[in-house]
Amino acid sequence: MRQTEGRVPVFSHEVVPDHLRTKPDPEVEEQEKQLTTDAARIGADVAQKQIQSLNKMCSNLLEKISKEERESESGGLRPNKQTFNPADTNALVAAVAFGKGLSNWRPSGSSGPGQPGQPGTGTILAGASGLQQVQMAGAPSQQQPMLSGVQMAQASQPGKMPSGIKTNIKSASMHPYQR
Amino acid sequence: MEAPPVTMMPVTGGTVNMMEYLLQGSVLDHSLESLIHRLRGLCDNMEPETFLDHEMVFLLKGQQASPFVLRARRSMDRAGAPWHLRYLGQPEMGDKNRHALVRNCVDIATSENLTDFLMEMGFRMDHEFVAKGHLFRKGIMKIMVYKIFRILVPGNTDSTEALSLSYLVELSVVAPGGQDMVSDDMRNFAEQLKPLVHLEKIDPKRLM
Numbered sequence: 001m002r003q004t005e006g007r008v009p010v011f012s013h014e015v016v017p018d019h020l021r022t023k024p025d026p027e028v029e030e031q032e033k034q035l036t037t038d039a040a041r042i043g044a045d046v047a048q049k050q051i052q053s054l055n056k057m058c059s060n061l062l063e064k065i066s067k068e069e070r071e072s073e074s075g076g077l078r079p080n081k082q083t084f085n086p087a088d089t090n091a092l093v094a095a096v097a098f099g100k101g102l103s104n105w106r107p108s109g110s111s112g113p114g115q116p117g118q119p120g121t122g123t124i125l126a127g128a129s130g131l132q133q134v135q136m137a138g139a140p141s142q143q144q145p146m147l148s149g150v151q152m153a154q155a156s157q158p159g160k161m162p163s164g165i166k167t168n169i170k171s172a173s174m175h176p177y178q179r
Numbered sequence: 180m181e182a183p184p185v186t187m188m189p190v191t192g193g194t195v196n197m198m199e200y201l202l203q204g205s206v207l208d209h210s211l212e213s214l215i216h217r218l219r220g221l222c223d224n225m226e227p228e229t230f231l232d233h234e235m236v237f238l239l240k241g242q243q244a245s246p247f248v249l250r251a252r253r254s255m256d257r258a259g260a261p262w263h264l265r266y267l268g269q270p271e272m273g274d275k276n277r278h279a280l281v282r283n284c285v286d287i288a289t290s291e292n293l294t295d296f297l298m299e300m301g302f303r304m305d306h307e308f309v310a311k312g313h314l315f316r317k318g319i320m321k322i323m324v325y326k327i328f329r330i331l332v333p334g335n336t337d338s339t340e341a342l343s344l345s346y347l348v349e350l351s352v353v354a355p356g357g358q359d360m361v362s363d364d365m366r367n368f369a370e371q372l373k374p375l376v377h378l379e380k381i382d383p384k385r386l387m
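The listed protein sequences derive, respectively, from chains E and B.
Position 136 (the first sequence) corresponds to 136 in this note's numbering; numbering is contiguous.
Take any residue in the second sequence, note its place counting from 1, add 179, and you have its number in this note's numbering.
These are computed hints drawn from the structure, not numbers from a lab.
Just so you know, not all the hints are guaranteed correct.
Stated by the list, open to error - Short, incomplete list of chain B residues facing chain E, as computed with Cβ under 7 angstroms:
(1) Gln203
(2) Glu299
(3) Ile327
(4) Ser345
To be verified - Listed next, the in silico DMTMM-like pairs over lysine to aspartate or glutamate satisfying Cα-Cα at most 20 angstroms (straight line):
(5) Lys380(B) x Glu68(E)
(6) Lys321(B) x Glu212(B)
(7) Lys240(B) x Asp363(B)
(8) Lys384(B) x Asp337(B)
(9) Lys56(E) x Glu68(E)
(10) Lys311(B) x Asp363(B)
(11) Lys373(B) x Asp363(B)
(12) Lys311(B) x Glu340(B)
(13) Lys311(B) x Glu68(E)
(14) Lys317(B) x Asp208(B)
(15) Lys384(B) x Glu68(E)
(16) Lys373(B) x Asp88(E)
Stated by the list, open to error - Just some of the chain E residues that point at chain B, by a computed CB distance under 8 angstroms:
(17) Leu62
(18) Asp88
(19) Leu102
All C-beta atoms in this analysis are idealised placements derived from N, C-alpha and C, irrespective of residue type, glycine included.
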């Protein structure tokens, strides 16, 4: 009792077969004997062929599984992984720092995303008439029908950015200076 | 409206130069919830605070090349809160190893006639936006997660449009200058928000 730390209360005839067994169970022994006789029966060549086909099938399966896992993992993780967009970060920081994309933005839907970058390249000509004309460096000609009036609230606006140009189609005719 | 350190005494000189230490990043809309949960766990235990602010940036063009910039902010959802006037200096370009953007900062609470006063002084409004989001605090660190809305009709804060599909995340501390420990603490906190958000020192001049 002491030696087994209290796990074996009595060393009796019931305990012996379980604890002192070295051979496998009789049923298992029987099955093993049968298997060995079968293996001996089919001959060495056939056995080799069987081994090879088994190996090939296993490797095929493994490859298929790993490919599947890889594809599903990357497909599943990639959309989840994108929790932030660095381009958005830059856009937001620029907006807060100096108003890029805020009031200087022209909400013209069809002109595309290239536009917000353009005001930065324009220059302000302080016209004697008080109107602020903006020279668009390389403005494509298709934009002109859409661009029109100068934002009146910012008529006196200083700053390095040219004043916002609102796509107010109605006032297109009001500014003949607008090229 | 955020509660910045407010100078009640007139600035006569000899005041402590407060610096703002800043780290910025962004998070896409669909990941906002997970970020908020994480922040609620990391930050001081308080009621989740949301804010809706309208900020106007005023420029004073002098003879010098670079105009003087002042930022006026008012709370749209807290009636009676004072307006907040802020001056932010140029970022200190000293230490490359410093983890946060450091710039001189002066914060003042004002009454509601701030815009009239500034216009009389010769300032002109350069741009404005609406910021709507959440505010968290951890010790002296302030974390703001907010969405920037473009104002379509100047002066009309109802017609707004989101600037992008992301929320801007800012981690800021206002403290006296020269305290490098502050930026280390900020960097450690920023590590805890990865990989959801990458808070980093973004130099605005690079984005011009």
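Earlier hints that do not hold, by number: Numbers 2, 5, 7, 8, 10, 13, 14, 15, 17 - these are the hints that the structure violates, sorted from lowest upward.
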